[in-house]
Amino acid sequence: MKYRRLGRTGLKVSEISLGSWLTYGKTVEDDTAVRTIRRAYELGINSFDSANVYERGEGERVMAEALRVFPRESYVITTKAFWPMGDGPNDRGLSRKHVFEQLHASLKRMDLDYVDIFYCHRYDPETPVDETLRTIDDLVRQGKVLYVGVSQWTAAQIEEAVRIADRYLLDRIVVNQPVYNLLNRYIEPEIIPVCEKHGIGQIVFSPLAQGVLTGKYRGGRIPEGTRGANPEINQWVKELIDSGVIEKVDALQDLAGEAGISLVELALAWVLRQPNVASALVGASRPDQIEANVKAVEVELSQDMLEKIEEILA
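Residue numbers (the working numbering): 199 to 512.
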């Protein structure tokens, strides 16, 4: 495994991170999830991602339970808040009340004293940014949060947060968690330049485009037992397949085969070619899947290969 600094911080995270969205506490049995998480740790992954909303805390619980056998200082674990956790008017968003209560609920579920990174899971237009940042700054000062992050914020929203943090001497955002993969490059024109300017790193999710960039849906076919065949979680997979990108994906798979690597390795190595990306956040239902993913850290794409990839994507 290889490690990168997260933005300008001194924190180092593995180039591959493991997440719990749509898997742990939902579609994967707990014992398989625990074996997968522990295998990831054995392979050198030290960055583990969750959120309160992942199956109403079950994703957090399973991940923390799996990691409990390892020294706390040896891994980075995250959680988030924003999405509804109940039916009440204050059970959502980034108000002081919701952020404060949800962080403590997450710590209780995970039986932890602190989380390494706390993310604002989306931007909340109904709460002043200074209210949210002051609340998280309080939690940082209390030692319950070490680093502050956001997920899926625009470049303008990130700029606003940095400006407010500097004005009031609050703890700054150091990490952004956006979607980023060969088929979705929206962060390249504005978000990455803004983040580079302010020392903010990226831990990107869906680097394999919900499994579409694994090659399992070649020709648009959806095999039984895959995420695309599961009606509970296949919305994004079906949208991608229906969008007509499969021909490009098949061409990328052929290119990877010519280079002697898998499409998974090509897709993850392509994401990691970006210096502002500290880690690619993957999901894994079985230990062998995470074993396949970590091979990507040894792959370095040549300039010729990058140019061929651009031709296919064009």
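Each hint should be verified, as a subset may be incorrect.
[Said to hold, decoys possible] Cross-link-like lysine-lysine pairs, in silico, DSS-like; alpha carbons within 27 Å at most:
#: 1; residue 1: Lys493; residue 2: Lys506
#: 2; residue 1: Lys446; residue 2: Lys506
#: 3; residue 1: Lys210; residue 2: Lys200
Hint data in this document are derived by calculation from the structure and do not stem from the laboratory.
Status of each hint after checking the structure:
1. Between Lys493 and Lys506, the direct Cα distance comes to roughly 21 Å. Compliance with the 27 Å bound is thereby established for this hinted pair.
2. For the suggested pair Lys446 and Lys506, the alpha carbons sit about 12 Å apart, so the restraint of at most 27 Å is met.
3. Pair hint Lys210 plus Lys200 holds up; C-alpha atoms about 10 Å apart against a cutoff of 27 Å.
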